[in-house]
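Undergrad: This is what each chain is made of:
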Amino acid sequence: MTGVRGVWLVVRREWNQRIRSNAFRLSTLIAGAIVVAIIMAPQLLGGNTKPSRTVAVVGRTSPALSTLMATVGDQLGLEVSTQRAADRGDADAALRAGDVNVVLVDQRAVVWKGEADEQLLAVLTTSVQAAERQRAIGALDLTPNQLRSLEPSELTSSSLEAATAERSARLDVAMIGLSLLLLAISFYGGFLLVGVIEEKSSRVIEVLLSRVRPTDLLSGKIAGIGLVGLAQVGVVAVAALGALAVSDSADVPPTTASTVAWLVLWFVLGYGFYAVLYGAAGSLVSRQEEAQSMTLPISSVLLVAYFFAIDAAHSPESTTALIGSFLPPTAPMVMLARVAYGGVPAWQIAVSVVLMVGTIVAMLRIAGRVYAGAALRLGRRVKLREAWYGVETAR
Amino acid sequence: MLQIHGLTKRYGDVLALDDASFTVVPGRIVGFLGPNGAGKTTTMRAVFGLVAPDGGEILWHGQVVGPKQRAHFGYMPEERGLYPKMKVGEQLEYFAQLSGLHGTDGRDAVARWLDRLGLVDRAEARLEELSHGNQQRVQLAAALVHDPGLAVLDEPFSGLDPLGVKALSDLLEKTAASGAAVLFSSHQLDLVEDVCQDVVIIDHGRIVLSGVVEELKAASPLRSLEITVNGSSWMPDLANTIRQRDGRVRLLVDAAVDLEAILADARSAGEVTRFNFEPPSLTDLFLEAVSGRREP
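Which chain is which? The protein sequence lines are A and B, in order.
If you count the first sequence from 1, position 62 lands on 62 in the working numbering, and the numbers rise without skipping.
If you count the second sequence from 1, position 253 lands on 253 in the working numbering, and the numbers rise without skipping.
Treat the hints as calculated values from the structure; they're not laboratory data.
Do not take every clue at face value.
[Claimed, not checked] Think about it this way: if two alpha-carbon atoms lie no more than 20 Å apart in a straight line, the pair counts; the simulated EDC-like pairs of lysine to aspartate or glutamate are: (1) B:K166 <-> B:E155; (2) B:K174 <-> B:D115; (3) A:K113 <-> A:E132; (4) B:K85 <-> A:D92; (5) B:K85 <-> A:E198; (6) B:K87 <-> A:E198; (7) B:K166 <-> B:D194; (8) B:K87 <-> B:E124; (9) B:K68 <-> B:E57.
The model shown is predicted, which means the values in this text are computed figures rather than measured ones.
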C-alpha cells in the first residue's frame, strides 16, 4: 500500500479504535465537566452573592421603606429583606431566635440582639432618612421641575488602575489556555509514544511494514491520534464557550472566546511538532516500561517552552516573547499567550504558522528515517545514531 | 515467478547475504533451509523492502519489486504478533485493506478466511481472547487474507503441534494449488521433505544447494544405506556412519560403492534382516551441503 491511501487507512484505524473505547468517552466527559466547572464555579459557589440580612419592622413604616432598604443594601453590599412583625413582642422574639438580624421600631429606633452591625445600621439610617425625606417632599406639593431639582445627582465611579485589572484578567485566561495546551500536547504525544511502542512490543510492526511504508505508518498514527485529540479538545472548547456564554460574568475579558479558538489552532501545530518527536522516540524502544525514559527529554523541552510562554504572558510586548513566537518549539505556547492579550499583528501569526508547518514537514522526514531504521530492531533500546544510519530505504 | 538475483547484504563486517540467487515458481512450494544466521530472514525481509540490499535485484514476473508488486505478496514474519486488543474480523479486514482490497472485497476475503480456518464465531472476539493455536491461525490469515500471488512465511511450522503441522501443510498445498508461489523457511527438515517440491539451502549468506527435491536426491553422488544384522554389533569398514541403534546401521555411501562386498561382509557377521540402498534424505543433503562449506 502506498501513499495517501495507506496513510488514510492507518488514520482511520487509530480513530476507530480509540474513539470507541470507554476510556475516551469518559475522559472527554470529565475534561468537559472540569472546564465548565472552572468557568461556572464563581457563580455556582456564590462567589459573587452578597450576605443577606433580614429586618423586622414594627409600627409606623413608610410604604417605600422595604424597597429603599433593598436598594441601599445592594449598594453597600448587603442583600436586605424586610419582615413585618405584628407587634414588638413578636419582633423581639424573632430577634432572639435569630430569625431576623435587627428590629426597626416606628422608623425611629433600632434594636439589636447583641452588638450592632455597622453595615446594616448604615443601610437602615440611609433608608429611613430617604423615606422621611420623600414623605416630607410629598407633603410640600411641589411642581415637577422643583421635584427634579431636589433629586440628588448620582456619582460616577472610575478607577485610575482599570487597565491593570483588565490585564490581570487576560493573564488568567492566557495561563489557563497555556496549561490546557501543555496538558493536551503531552497527553496526546504520550498516547502516540505508547501507540508506537505497542506496535513494536506486540510485534505487529513487521506485518504492517510489509504493507505500508514506515513514514506513511508514522504519519497516519500521528494524524489519527491528533484527530482524536482535536475532537476531545474541540468538545472541551465548545463546552468552555457555552459555559462562558451562559455565565455572562463581568470578570471574563472579551479576548476569551477568540483565545479558545486560537487554542485549537495552536494545539494542532504544537501537537504536530511534538508528536513527530514522540513518534521517533517511541520507535527506539520495544517495551512499554521504557516509555517513561523516552518521554523525559521531550517533556523537558515542552516544559521549558511552557515556562518561556508564561514569561511571555507576563510581558507580551517583550523581545523574548516576539522571538519565542517564531521558534517552532515555543511558538504555539508563546503565540497563545500573546493572542490572549490581543493586538498581535496578523502577519506575525501567519509567519509563525508557516514556519511551524514547514518545520513539522521537515521533521517528519527526519523522524520517518529514524522510525524506519529502528522499527524492526526488537529487544534492546536502539541508539539514535544506529537508527539514522541503519535505515533500510529499499522503497 | 519470483527471481532473486545476486542478492548481497552486509552488516558491518558480517556478510549476511553473499550473491544469493534462486527462484520461486507459481504453483510450487519452496522450502528455504539453512542454519541460524544463514540469511533466511534477511532474504525474506528484502523481498518486502524491510531490508535494503547492497547489491542484486528482486523481480516479480520480470519486474523489479516495489510497492505495487508487494501488494500481491503476503508475509508472515518469524516474530509473530498482531494487535492484541483489536477484534479478529476487524484486524483481518484492516490488513486486507492495507493490501489493496477495498470495501466488500475486503470483507468477503475476511469471511472466506475465517470460514477456512474455522474461526467464524470468533470474528468479534479480541485477538488476546483467543487460544494460542487460534492466534496462530489468525496470524496466518493476516498474511494470506488477500490471496497473494506470493506467500512468504518465516518459520511457519515452529511451535505447532502435529495437528497444526498437518493443517498448515494442507493449507500451503492448497495455496500453491491455487496458483500462488510459496516460499517458507524451516528448521524441521523431515517436515520440509513432505511439504515442499523445491528446496533452497543457504549457509553463511550463500545458496549452497537449490532445485527440485527429487532431482537433487537423484543427482546426489551419495546414497543412504541401512543394514540390520540380527544379534550382532557388526559395523561396516566405512568411516561415515551416521547412526547406529539396536543393531541397525545407517550410512551415507558413494553411489558407486561395492554393495556386494558390504553385503557379503555383513552376512559373515550374522543374519541380515534389512538392507536398504536409496537416495539420501533431505537432511542428508542439507548436512552435506552445509558441512561441505564449513570444511575449507
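Undergrad: Now look at each hint and say whether the structure bears it out.
TA: Do the hints match the structure? See the list:
no.	hint	result
1	B:K166 <-> B:E155	holds, 15 Å
2	B:K174 <-> B:D115	holds, 15 Å
3	A:K113 <-> A:E132	violated, 25 Å
4	B:K85 <-> A:D92	violated, 74 Å
5	B:K85 <-> A:E198	holds, 11 Å
6	B:K87 <-> A:E198	holds, 16 Å
7	B:K166 <-> B:D194	holds, 10 Å
8	B:K87 <-> B:E124	holds, 5 Å
9	B:K68 <-> B:E57	holds, 16 Å
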